[in-house]
Amino acid sequence: MTLDIIKNIENSEILLTNCIFEEVEKNETILKIENLNVYAKKEHILKNINLEIPKNKITVLLGPSGCGKTTLLKSLNRLTDLYKELKVSGHIFIENDDILASKQNTSVLRQKMGLLSQRPYPLPYSIYKNVAYGIKLKGIKNKKLIEFNVEKKLREVGLWEEVKDRLHSSPESLSIGQQQRLCLARGLAVKPRIILADEPTSALDPVSSKIIENLFKELKKHYTIILVTHVLRQAQRLADHVVFMNYGEVIEQGSSKEIFSNPQTSQLKEYLIEGN
Amino acid sequence: MNRFKRIEELVFKWICGIASYSLIGILGFIIIIIFVKGFNALSLEMIIEAPKGGYYYGGEGGVLNAIIGSLYIALGSSLLAIIIGVPAALYINVHLVRYKKIQNIIRYLLDALWGIPSIVYGAFGFSLMLYLGMNASLLAGIITVALLTTPIVIRTFDDVLDTIPKGLQEASFALGSTRSETAFKIIFKQGFSGFITAALLAFGRGIGDAASVLFTAGYTDLIPKNLDEPAATLPLAIFFQLGSPNPLVRERAFAAAAILTIIIMIISILARILSNKYSKLNLNN
Ligand SMILES: Nc1ncnc2c1ncn2[C@@H]1O[C@H](COP(=O)(O)OP(=O)(O)O)[C@@H](O)[C@H]1O
Ligand SMILES: [Mg+2]
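So the sequence lines, in the order shown, correspond to chains D and B.
Each residue of the first sequence is one higher than the one before, counting from 2 in my numbering.
Each residue of the second sequence is one higher than the one before, counting from 49 in my numbering.
Next up, chain B with everything else stripped away, as it sits in the complex (with noise of 0.2 Å):
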């Protein structure tokens, strides 16, 4: 018995050890595989100017435009899936903390936003630009892209809100704060780290989604000067080079590729050293 066990105990943990190792080993190889391919592609260039004539069959310039228009985009999505999705999760938590029925409907709901592919939300933006009379432009982009956002920010903040003891919102309270003043003063305040996942996965997310963007965006070789131009971003960039028979085009597209990939990487280490910073203020709570 005791020997069936420790057998049992061995294969489970080596199934689990191969499944992780082999997790972190693909990452790995995808990361490797797209610094060595748009290794030679990299350049200062690549970084700081934006294409010239002929770039996407060899000529010369940069991405710069398809930077900054990502920049743009996860930046101004981002600050509006907070500026919706801040008081959402605090009303969750704050205002409808008598009706946990209604709390459990609404959880459901925005985890099946969170689960809708982009495509979709790039389709629904699309529809919705053309029923407003838009043209696909930087503004078209930040409002589809929040539309997707907006639900991972209200859950991310949500789950963190939601491990709040309540004793801390009956103390707010018996000090005769009002709801708005709990979900504000107190409650966000002490679940700022989860306010800070949020955002940075919300920016994560949003400069690294292509579907989104494809119809809503349009492209440009120029930089956006105005919300109503349209705006290049990082993933459309990759995916229309990828698709070009010259090798030096593909090349590039490898290259920024490796560029949206350190964007993100230094986004999660960001989130992470942030996150850790205000969870541990506030730990013991």
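Next up, chain D with everything else stripped away, as it sits in the complex (with noise of 0.2 Å):
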């Protein structure tokens, strides 16, 4: 354990020397996705899916719901493992590592990524405890570490001067937005690479929703993130790159500007038109 933590560090040291030099060219790529398949039973559910994320970006999944967002999300940080009757294959290359292929254990692969849930599911532990749980999984037990890194954290979201004079008490007394936000910290805390954002607003006010999504602005600096989104209007507002889906498949993708002023295919023009 400790000792994929240090390879862990090791590598990133190594991957952060590699962005000085590659920082000059504009689009590097975080993730690669080549021919990623999903089979459940006898439906096919993502199929042959190629993509490649563009580092400290804001990549926005577009498509009609059932099209296999949430299913691509989920194959990223092997959360589709939960599923028997699911079926993954391809290769998905994070710092020249295939995750579904990897012999690193898969704690550590998911560590790469921090999930945003439709709903905030908080830990049933207190604030404070919330995000302390992720610091102590990467192996942090100095009591003061702890405590400074959950403060980062809960900054980071904004969410420290709500919460510094509660953090003891339980997330239920926190708005939905507050705990999504506190999820945000929690995932932070175990220091991925990659954001994925499952619909992270459908369920909160439309005050939250700002909140996240300006989040989202700032995060991007430090972070890659995958936004899932039902709301076109959001995906405009935050998009780098936009990759929209149907069956299944990917359709149409290239850069915000691409997608929503000059959009190729018929299906897309169709979608676009619906969601306005």
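These are calculated hints, taken from the structure and not from any lab test.
Below, a list of computed lysine-lysine pairs in the DSSO-like style, where the Cα atoms sit at most 27 Å apart:
#: 1; chain 1: B; residue 1: K237; chain 2: D; residue 2: K85
#: 2; chain 1: D; residue 1: K48; chain 2: B; residue 2: K148
#: 3; chain 1: D; residue 1: K43; chain 2: B; residue 2: K148
#: 4; chain 1: D; residue 1: K145; chain 2: B; residue 2: K237
#: 5; chain 1: D; residue 1: K192; chain 2: B; residue 2: K233
#: 6; chain 1: B; residue 1: K237; chain 2: D; residue 2: K137
#: 7; chain 1: D; residue 1: K42; chain 2: B; residue 2: K214
#: 8; chain 1: D; residue 1: K130; chain 2: B; residue 2: K237
#: 9; chain 1: D; residue 1: K43; chain 2: B; residue 2: K214
#: 10; chain 1: B; residue 1: K149; chain 2: D; residue 2: K43
Predicted, not measured: the structure shown is a model, and the values here were computed from it.
Dock chain one against chain two, each of which comes alone in its own frame, and use the hints as you go.
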């Protein structure tokens, strides 16, 4: 376990030095998906997905419900392992390591991504411990260090001022929007490189949604964000790169500008008209 | 049409009402009978003294031996059932999360075990005891009752764990928790109210069951000091005294039944309060 962590740190340092060189090229890829197929019994849920996810950008996954967006996200951090009926094949490269065929243990792979789901699922602990849980999983035991990091992560999601006086009460006392940000802080505590957000604002009120949106704009400086959203306007506000999916296939992808002002396929055109 | 519906509604309401009120009535009637019939024999002596010579013929003493024996057996067996049952329930819900079919088979089997009459467990415990060369003892009683209550612990806890949304498990895994961390740190904590209910249900069942301890725990007027000594139990104390031709002794049987009823009522109320308290903490999840 500790060995994995040390290796991980070494890897990221190597990567960091790589970054400095590659920063010059503007569209660096952090995640590369090759021939990804997901089957559930007879159903072909994801059909030959090939994607490159640009680093430190917001990539929006767009598409009608049931087209496989959630399944795609779950394949990325191997949550598909939890479903026996799902058969996943293909390659997902992150830092030259194939997530689907890696020798590293699943925990380490999963910690490269932070997951934000449709509604918040706080752990059955206090606000403080929710964030501390992730930090402890990273092997940090020093109490002061944990405390320092909890505050840092809560500040990162703009929650610190709101909760600093009730760190030890239950997350149930927070609004859904605050809970969602708590879950984000908890996810950031394991130092992911990518944030997977599956319709993270669909259960939230407009004000809370706006806060999350603004957070994402901030966070993309340090993280790569893959965002699934139903809300076209949200996609337009946030996306750098857009991937449009339908029936388990990638139909069209491109920069936000290309996709929204100059859609190529009739499917996307239809979707954009219906959505607006 | 409308009128017909109204009548149908009314009839149905009456049937339901009669069914539930008669149930409450019968329960109340049983409790009243026990307390009325046992009232004269109820005394402090009864709960602080073990039987003295000739107790079963109307002599002096009490049923402290049976009270202590029952508490030991209920506590011991609940502990054993929890030690086995809690990891089992967590295993079903976390480790077997991918295997819906296996989950269902296990649940079905456990439900079947739950339904087996306790005399069968008693007979099984008795043969096991002979096979192992043990005597009727506190330990044999505890093991037999634990066999009976383990399925109850597993299924009760499992039923609560089953209601925990899958999203919480996924959130835990997504953070990089292992299966065991997810099971013991997250899911156990989230389902804590179910754990309390399961533990108290096992205790209540363990303290009240007569058939499973009939051959295995033995019976003695002494208070057991060791696991290999026989132990008296309240249900058996009731059973033996009720068969006596002496009306005084039969009265004492009802008094013992009253004591058992009070203990069980305290347990149920405790179960309600505790599980309410803990399920409120986790509401909305
Ligand atoms: N575990 C599963 N077993 C069987 N079918 C599944 C499973 N998960 C998802 N699906 C199917 O895959 C399709 C895509 O689902 P999903 O990825 O949730 O879509 P989206 O998130 O785009 O709404 C749906 O038709 C759904 O029924
Ligand atoms: Mg979805």
